[in-house]
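Visitor: Under the working numbering, think of the first position of the sequence shown as 2, with each following residue one higher.
Errors might be hidden in some of the hints.
The list that follows gives simulated cross-link-like pairs (lysine to aspartate or glutamate, EDC-like), each with its CA atoms no further than 20 Å apart [to be verified]:
| id | residue 1 | residue 2 |
| --- | --- | --- |
| 1 | LYS448 | GLU413 |
| 2 | LYS115 | ASP105 |
| 3 | LYS102 | ASP15 |
| 4 | LYS344 | ASP433 |
| 5 | LYS58 | ASP107 |
| 6 | LYS253 | ASP319 |
| 7 | LYS190 | GLU108 |
| 8 | LYS94 | GLU65 |
| 9 | LYS22 | ASP107 |
| 10 | LYS445 | ASP433 |
| 11 | LYS253 | ASP223 |
| 12 | LYS291 | ASP245 |
| 13 | LYS344 | ASP319 |
| 14 | LYS22 | GLU108 |
| 15 | LYS344 | ASP354 |
Hints listed in this document are in silico derivations from the structure and should not be mistaken for laboratory results.
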Amino acid sequence: MNLLIIDNEKSQRDSLAGFLKKRGHALATVSAGEAGIAYVEKHQVDVVLTDFRMPDKSGMEVLEAIKALNPVVDVVLITAYGTIETAVEAMKKGAFDYLTKPIDLDELELLLAKIENHRNLVSENERLREQLAERYQLHNLIFQSREMAKVASTVARIAPTRTTVLISGESGTGKEVLAKAIHFASPRKDRSMVTVNCAALSDTLLESELFGHEKGSFTGADRQRIGRFEQAHNSTLFLDEVGDIPPATQVKLLRVLQERTIERVGSNQPLEVDVRVIAATHRSLDQMMKEGTFREDLYFRLNVVAIDIPPLSGRRDDIPLLMDRFLIRFGEENARGNMQFSKEAFDLLMKYDYPGNIRELENIVEQAVVLARGNVVTSAELPSTVRQLPLENKPVFSSLSGSFAEQVAAFEQGLIRQALAGTKGVQRRAADVLGMTERHLRYKLQKYGMKD
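Model the full assembly from the supplied sequences, consistent with the hints where possible.
Guide: Structure representation (structure tokens):
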């Protein structure tokens with residue numbers, strides 16, 4: 002670390018400098034507060050050790066000036082016993098810690114080690130945050146289908162706003178991934194998104210989880226607890242499986258969305274919260290409203306912008322890209338570089354219906370990579386549910402010649418021809434078989450120059 006010592010007493014400066022140099026630290030020394038501030042302005046400094054009482058500027062003034070110049074510089078105050086209270090106040094304003102005179106050099110060494118560990122942790126957290134943000138950037142949503150292009154377009158338009166979003170789709174379609182993409186493309190991205198799985202908690206626990214509780218508010222509440230809404234203040238709260246919220250909690254959630262305030266369980270004190278809510282469900286909330294198990298007013302509060310993620314079987318254009326991404330990822334994670342699929346394995350994976358959607362495809366590819374004997378994934382490494390597909394009744398590639406895009410295009414044309422043959426040319430029925438809209442089917446026919 003790069004250290005700076007600011008002290009008007011030469012003997013103190015020299016003593017500290019000699020000790021720290023022997024410990025391998027790069028350091029500089031100055032005799033006045035103004036000189037120290039000027040040095041930080043022009044040089045890379047990690048830690049400043051500054052005396053509290055100096056003729057030109059106090060340690061508090063030095064602290065404030067340095068933090069204004071560079072907030073990541075850690076400042077340690079050196080103070081006499083009589084000014085400890087002032088030093089503690091300085092810590093509230095950003096000082097990392099303080100030392101009392103005469104300085105215990107062992108204590109100083111432990112403090113610098115603590116600072117270094119803290120800086121490493123902050124650096125690592127920032128690196129992980131950047132990786133996480135990059136992972137969920139909109140351009141990292143993996144798709145080429147028109148269905149998902151529409152979804153991505155909606156996400157790009159709503160992400161900068163604070164509007165509430167309701168994401169629906171089957172389990173495994175990537176609802177949480179989409180919620181994170183919205184969050185990391187929003188102005189709230191610098192704060193962590195908070196997630197609650199509403200289906201995983203009992204009625205009592207869910208209410209406490211969302212809104213928090215006061216000590217003694219119910220049996221077992223031995224301390225105050227901050228709820229997820231408070232944790233998500235100025236950030237995003239993702240309510241996964243919102244259709245599983247019980248009726249009593251639905252009423253409280255509606256009030257939060259309307260008034261933007263919460264009350265902890267056992268309290269009548271309202272607390273203001275600024276939270277963007279993104280909800281997701283695999284259930285049909287329309288049907289639940291008809292059955293009386295989901296409040297209509299809450300539905301309309303949640304459903305300001307609706308995003309429906311189609312199942313993977315309904316956007317087969319995306320399967321090759323997902324296969325390729327998972328193959329690369331799990332190959333790298335398991336030190337199995339340059340992995341590829343055999344022709345038969347590729348055909349089987351393209352024809353499978355994926356009732357578990359993207360999550361199932363991800364698991365299948367991970368298993369195959371781990372089990373593969375070499376760098377080629379064969380059909381033998383695929384689950385029995387995939388291997389048992391009747392290849393003789395499905396279109397396959399006649400050869401592996403041509404580019405990847407050409408092979409996928411040929412495969413799509415084969416699927417379309419088979420669907421049209423099986424439905425005697427009725428495009429609406431063929432589109433249903435293929436899991437796409439009739440309009441999308443007509444687009445494919447025109448794209449490939451097939452008879453309309």
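Visitor: Hint by hint, which ones does this structure get wrong, listed from lowest number up?
Guide: 4, 5, 6, 7 and 11
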